[in-house]
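**Student:** Given only the sequences and the hints, what does the whole structure look like? Please build it.
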Amino acid sequence: MTQFLHRWFGRGWLSLGYLFLYIPIVVLVVFSFNSSRQDMVWSGFSLQWYAALLNDQEIISGFGLSLRIALLTACGSVVLGTFAAFVLDRYQRFKGRTLFTGMVSAPLVMPEVIIGLSLLLMLVSVQKMFGFPERGLVTIWLGHTLLGMAYATVVIQSRLQEMNKSLEEAAMDLGCRPFQVFFLVTLPNIKQALGSAWLLTFTLSLDDVVLSAFLSGPGSSTMPIVIFSRARLGLDPRVNAVAALTILVVSIGVIASSLYIARNERLRLKQIKG
Numbered sequence: 001m002t003q004f005l006h007r008w009f010g011r012g013w014l015s016l017g018y019l020f021l022y023i024p025i026v027v028l029v030v031f032s033f034n035s036s037r038q039d040m041v042w043s044g045f046s047l048q049w050y051a052a053l054l055n056d057q058e059i060i061s062g063f064g065l066s067l068r069i070a071l072l073t074a075c076g077s078v079v080l081g082t083f084a085a086f087v088l089d090r091y092q093r094f095k096g097r098t099l100f101t102g103m104v105s106a107p108l109v110m111p112e113v114i115i116g117l118s119l120l121l122m123l124v125s126v127q128k129m130f131g132f133p134e135r136g137l138v139t140i141w142l143g144h145t146l147l148g149m150a151y152a153t154v155v156i157q158s159r160l161q162e163m164n165k166s167l168e169e170a171a172m173d174l175g176c177r178p179f180q181v182f183f184l185v186t187l188p189n190i191k192q193a194l195g196s197a198w199l200l201t202f203t204l205s206l207d208d209v210v211l212s213a214f215l216s217g218p219g220s221s222t223m224p225i226v227i228f229s230r231a232r233l234g235l236d237p238r239v240n241a242v243a244a245l246t247i248l249v250v251s252i253g254v255i256a257s258s259l260y261i262a263r264n265e266r267l268r269l270k271q272i273k274g
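The opening residue of the sequence shown carries number 1 in the UniProt record's numbering; numbering runs sequentially from there.
Certain hints may be false.
[Unchecked claim] Restricting the straight-line Cα-Cα distance to at most 25 Å, the calculated cross-link-like pairs of lysine-lysine (BS3-like) are:
| # | residue 1 | residue 2 |
| --- | --- | --- |
| 1 | Lys165 | Lys95 |
| 2 | Lys191 | Lys273 |
| 3 | Lys270 | Lys165 |
| 4 | Lys191 | Lys165 |
| 5 | Lys270 | Lys191 |
| 6 | Lys165 | Lys273 |
Honestly, the hints are just simulated from the structure, not real lab data. Note that the structure is a prediction, hence the values are computed from the model and not measured.
**Tutor:** The following block contains the structure:
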């Protein structure tokens, strides 16, 4: 009886936690189809706010900029994070390792306000000296990549630590050079971690507000900045529509990646057993 009560007590708390997290998202999606401009006052089903997005150039431009930056950030973060993780895992001793580890991990614990302000001061100084870069896509991408690389390093390093290093040793015994071992053995074995790191950094970049606010310039407002600025002036139903579409795209991406990772895991276990 006691075990039964403990099990249902745990399930109840878990259910309450999920409800607390996901009910606001469900409410937002539902009211994106509300015909009224007033939130929490349902006056009928309508797609007018989705149609209004087609004529909202500010949101369309912001979404396009956010998407380009997120794609560049995810790719750059995975490349830099892979090299950083490989160095930290495979080379246990080298001069400056402690400093390198601290610098890679610093963005994880440093407030984004500090990171954004320090990058802004540095980039303003560089622009005064060389006339480049102007605040916009490039500067936002640099800031997002700095933050994303730290997250990618953690994800990829954890996979490298679990990887069977005898595979790399066997490849070298068979005559492969170090760069061949890296591209032909190491990368294929950590591709799931690379995909996870890519999705994580893509999402972090897509919804970042603080760094984007510091590093953006005139005419380079990302979608989160546009949404945040409109929310400060009053709730706009078009913002609900944008959020609902974003949730849809992210959900499809998460489901597709989960199915892909699960499929690869089943194939890997099948090969091991076979």
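**Student:** Run every hint past the structure and note whether it holds.
**Tutor:** Status of each hint after checking the structure:
1. A C-alpha spacing of about 23 Å is found between Lys165 and Lys95, which places the hinted pair at or below 25 Å, so the restraint holds.
2. The suggested pairing of Lys191 with Lys273 holds, with an alpha-carbon distance near 21 Å, which does not exceed 25 Å.
3. Annotation: proposed proximity of Lys270 to Lys165 holds, straight-line Cα distance about 20 Å (limit 25 Å).
4. Among the hinted pairs, Lys191 with Lys165 is consistent with the structure: their alpha-carbon atoms are about 16 Å apart, no more than 25 Å.
5. With a C-alpha separation of about 18 Å, the suggested pair Lys270 and Lys191 falls inside the 25 Å cut-off, and the hint holds.
6. Between Lys165 and Lys273 the CA atoms are separated by roughly 19 Å; this keeps the pair inside 25 Å, and the hint holds.
Violated hints for the displayed structure: none, as all numbered hints are satisfied.
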